[in-house]
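*Asks:* Chains as they are written, first to last, in the numbering used here: chain C, 7 to 719; chain E, 41 to 129.
Any given hint could turn out to be false.
[What the hints assert, rightly or not] Cut-off 20 Å, straight-line C-alpha distance, at most; resulting in silico cross-link-like pairs (EDC-like, lysine to aspartate or glutamate): (1) K288/C with E64/E; (2) K96/E with D296/C; (3) K117/E with E515/C.
[What the hints assert, rightly or not] Covered stretches of chain E, going by a simulated chain C footprint (3 or more residues, C-beta under 8 Å): (4) 53-63; (5) 72-86; (6) 97-107.
Honestly, the hints are just simulated from the structure, not real lab data. Beta carbons: idealized from backbone N, C-alpha and C, even for Gly.
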Amino acid sequence: MSTNAGPERQSASAPLRVAIIGNPNTGKTTLFNALTGLRQRVGNFAGVTVERVEGAFRTSDGQRIAVLDLPGSYSLSAGSPDEQIALEVLLGRDEAHWRPQVVLVVVDASHLERNLFLASQVCELGLPVVIALNQVDAAAEQGITVDVPELIHELGVPIVPTVASRGEGIEPLKQAILTAATLPAPHRRFALAPEVQGALAPLQARLEQEGFAPSAAAMESLRLLSVDRNEPHLAHIAGLAAQVAGARDALRAVGRAPEQVEAEARYAWIGGVLGRTLTRRKRDRDTFSDRLDAVALHRLGGPLLFLLVMALVFQSVFSWATPLQDAIEAAVMGIGGAVGGLLPEGDLRSLVVDGVFAGVGSVVVFLPQIAILFAFIGVLEQSGYMARAAFLMDRVMRRVGLHGKSFIPMLSGYACAVPGIMATRTIEDPKDRLATIMVVPLMSCSARLPVYTLLIGAFVPALPLIPGLDLQGATMLAMYLLGTLTALAVAAIFRKTLLRGPVRPMILELPPYRLPALRSLAVSVWQRCQLFLRRAGTVILSLSIVLWALATYPRAQVDPSLPEAAQQEQQLAHSVIGRFGRAIEPAVAPLGYDWKIGVSIVASFAAREVFVSTMGTIYGVGGEDDAALQDKLRAEVDAAGAPVYTPLIAVGLMVFYVFALMCISTVAVTVREAGGGRVSWKWAGVQFAYMLALAYGAAWLVLVVGRAMGFAG
Amino acid sequence: MTAPTSRELPQCTCPLVDSEAGSEATVVAIACGEHDACRLRAMGVYEGAQVSVIGKRHCLLVDVRGTRLALGTDLAKGITVRPQGPIAS
């Protein structure tokens, strides 16, 4: 496919390709959502704007436009994996993605100086550019007025004032994008000092030889002066490092500090432009955000408020979701029963009811929890509080060798490790990032919840401890705390051994507080739910069918005179899963587990919640029927008549699940993310191995210590 | 490390970390590792930028043209500024 399609593409039936880029906290995602609505496609699970999200819309005259939402970036200097992705896409060096025909740069009207730094870099890439001057309302409130026609004249690109959170300026913006596609690409509006230009000339010529357009080569040569990063999109150019070093020496020879040249040139130009286009009324120093920060960042009040917010998040995830989950459960069971009733008795019915509905149903019940947790994360991000939380947590994180920013992936980990690991892309330092990836799966995710719920419900009595908390609740809390504290401890160990190195100092923007844009929030939550459902409909559906088949075949000659439960037991023991279970029984026996638990653990590698549905299949009760399964587990006895499950075994099993990386999706995402975009099995292997060892050791310890203390098990 | 070679160093400078909360200062030099320096410049903290120190905690809270930044103390040690007195209101 052509990488640089010109204006002639516009009338063709192919959609116009547009990429959106902007500084973090400019309302870029809100603008993207306002442009595309629900017509979006996310490549994978995503934290907020860490993933490339594609959308599409039509203009009023029917032209189709495809939009790619690039990660928030302060510059094209590729400091974080996020910025690297944005740069590669804009240069057309990302083979996994199309090169845009138009770039939409979102700038925050109240922070123009900083925002125009990125905009001026983008304007040199050789692509037509449109600027959305966003949040003009907030700027006006702060007494900032921008002379838009004059700014258009200065920058040489179309500029549309917008308020994305209220949908203002969206139609004119769509028109401007169409128009821009027919305009020539903008170019650099300032000249470098002759001695600087002279020093850069050989490097620039070299980049042009390597296929860069002249203006992009000029941008890259200036950018490369400030920092060495061994960027993958330049790695194929032999001897580039020497050439960059040469340019730097040439600059030093004329008395210029090479790392300052780009910032100096761009900010000098921006300063001049803003002097002619921006008027600023003297504003009050004590803004609304300052007053809120007086509490949110207070030495004592800050951490207290933080704990309250976290308590609210957990309370709502676990209690508000319950009625919704019950409703989904009832619906799935109802439909399963109805469909099963239509089918004749036999393998097909068993497949549909015990395989498909039991398997998928046991996973779909988590949808409300995932939706609520992501809604909270979205509110925290959009309101500006997430940055404050990262700021407060930096103190704690730093003690274990992590960065304050690691807090956000770890919080997402409570919902699911997959978006948590993807959210680490905003962490610049590779070792910080790897250490965070290594421990995110220790945060108890929502898929562990059904395992905890099943076992606690069956084996932990509801003894009241203090008002509002009984022994069951306390056990649940203990599991979450165990995972969280271990994550911090393991991070500290990694940072002192395999990933030794200094913690990068904190550089964090604290954006002004804003009311979340509900429409945009709803779109984002819907995205996550869709992804989750897609996974349930594909991976988990196929695994459920496979598991069902493994538990059903080969058919055993069952004795019809036996009770039904015993018949099922015979069948199961004869099946592939049963044989496999017996083979691995010696491995799980030291933990006090029988082969059925062993099989369920192995099967739950597909996804932890599968443990519950597998137990359901094995014990011949629907995957959704917790109470029936709990009764079965309590009644289960071994050959000698002793109970298979005791409270001690149940606690050991929960501890096993706190630590074990029983999740193929997490392994897959670590393989991709730990290598910084390249496939890397090494760290995924380390992660899986250490977590399994930790799980096995801890579960064994629980059993040994418990027995020594006189508990049965 | 890197000192501004193209300009004359002003008479009275100090690390940003030592400036008082509630004071303004002009950035003179950024010497805190090229990666962090590059990031700081992209965020508006460049040689010549005006910064106000709003608060000092485990990190420094500064205002750069209306943008609030939290900067780690280690980083603020590497940023040399020329103090300009208390924040004008």
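*Asks:* If you test the structure against every hint from before, which numbers come out violated?
*Replies:* 4
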